[in-house]
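Just so you know, we're using this note's numbering here: the sequence shown kicks off at 690 and counts up by one.
Please keep in mind that the hints were generated in silico from the structure rather than gathered at the bench.
Worth double-checking, as some hints may not be accurate.
Pairs of lysine to aspartate or glutamate residues, derived as DMTMM-like cross-links and limited to a Cα-Cα distance of at most 25 Å, are as follows [what the hints assert, rightly or not]: (1) Lys1067 <-> Asp845; (2) Lys856 <-> Glu1044; (3) Lys1020 <-> Asp845; (4) Lys1064 <-> Glu1089; (5) Lys1064 <-> Asp916; (6) Lys1067 <-> Glu851; (7) Lys1067 <-> Glu1035.
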Amino acid sequence: MKKAVLTLFVSILLTPLYSQRLSLEECMAYAVEHSTTVGQRANSLASAREDYISAVASALPSLSAGSGGSVNFGRSVDPETNIYTTVSTFSNSYSVSAGLTLFSGFSTINGIRAAKVARAMGVENLQLARDEAAMNAMAAYFDVVYYTGAATIAADALAASELNLKKASKNLELGLVSPADVAEIEAQVAANDVSLTEQQNNLSLAEIRLREVMNYPQDEPLEIDTDVRIESELVGASFDEVLDNALANNPRMRSAELNSRYSEINYSITKGRYYPSISAGGGYSTSFYTNLDNAAAYDSWWRQLKQNRGSYVSVSMSIPIFSGLGRRTSKHRARYNMSNAMLQEEAVRRSVESEVAQTYSQMLGYGKQYVQGRKKVKATELAYNGVSQKFAKGMVSAIELQTAANNLQQARSEMLRSRLQYIIKCRMVDYYNGVPLLQER
């Protein structure tokens, strides 16, 4: 008894976990959070940030320190007299040096600029990956919603045809319909049954696809909220406003622009390799030496460090003359890459313009189709009800009833499709207008 009660209690606790229906936003958030592409882009952004830090640090002076010591036994050179001796000695030295590149064809500055642009490009690419993951989840989500509705419509059609079959069987006994009419309705029942099975299979495939794009385990239950409201999907922005916003702020457009900028800076870096480089440096050193057999004959460690100290300052210039045409080929290659990047930016611009224009036009078209679809459904429902009543009285044939039923089913399917497509296009137009697909939580 206790075991049964415990099992019931656990099942009650776990039921909400499996019966909770995920909304569109929750599905998109899950897809973004578990997307491998988003994770890779995040790692690339982190790497770009480290590259930027490294580029900034390369402009700072280099500083190094060193120390060494040695013990000589037998024949060696006395550092004070520079003559050979056979005594055992100990010596050690200390040094500090620093260097700074004063000029290198602006490569250091351009390197920092390039790393900064690459970091900004990483931000845009990460956002683009998040948006694409959300878009894929949204498309798969609405496929599930559509096939759920299509399965419901098919089930309603099957139930209506089964009811008509019962009525036809009674009318056959009364002599109001012929056996051919009953056979026609039986065929319609079989066709509707096949249609329902087909829509149920499509729904199963759509659910598998949704799990795939969400990176959701296929062996775990997933239920979504198919009640999608349309009242909040209205878009008030004009086409020109949406297009201007997309060209200025869309991650694809921004990434292409930054890529062009990056290639320009890289081209400047290759041209800077033709200039001389100037660097400066300085250092400080000191040493200690003693005879291990006669340490008293030498000054103390601290005194020798003061006496033997020395320093230096240097300035050097390197002039490139010839390096196997390496600089020339690098510059030409960078110029071609810059030209390709600019062409790619123009291609992305045209692509974004076309996408925005198509999406905006489709939004308007599906909106009109949905309004007309609602009217068509009401009209076909009235027509079907009228034909059904006439069929019950033997005034029309089964073919006319079947035609009216098919018209109603098609009208409901078309309205469902236009309704969902209108919602999708509204979301996409808002996205191009700067409204995030997924609000930050």
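Results of checking the hints against the structure:
Between the alpha carbons of Lys1067 and Asp845 the distance comes to roughly 16 Å, so the proposed pair stays at or under 25 Å and holds. As the CA atoms of Lys856 and Glu1044 are separated by approximately 52 Å, the hinted pair breaks the 25 Å bound. With a CA separation close to 70 Å, the supplied pair Lys1020 and Asp845 exceeds the 25 Å bound. A threshold of 25 Å between alpha carbons decides the hint, and for Lys1064 with Glu1089 the separation of about 21 Å falls inside it, so the pair holds.
A C-alpha spacing of about 21 Å is found between Lys1064 and Asp916, which places the hinted pair at or below 25 Å, so the restraint holds. Pair hint Lys1067 plus Glu851 holds up; C-alpha atoms about 22 Å apart against a cutoff of 25 Å. In summary, the hint linking Lys1067 to Glu1035 is not supported, as the alpha carbons are separated by about 48 Å, beyond the 25 Å threshold.
This entry does not satisfy hints 2, 3 and 7, going by the numbered hints stated previously.
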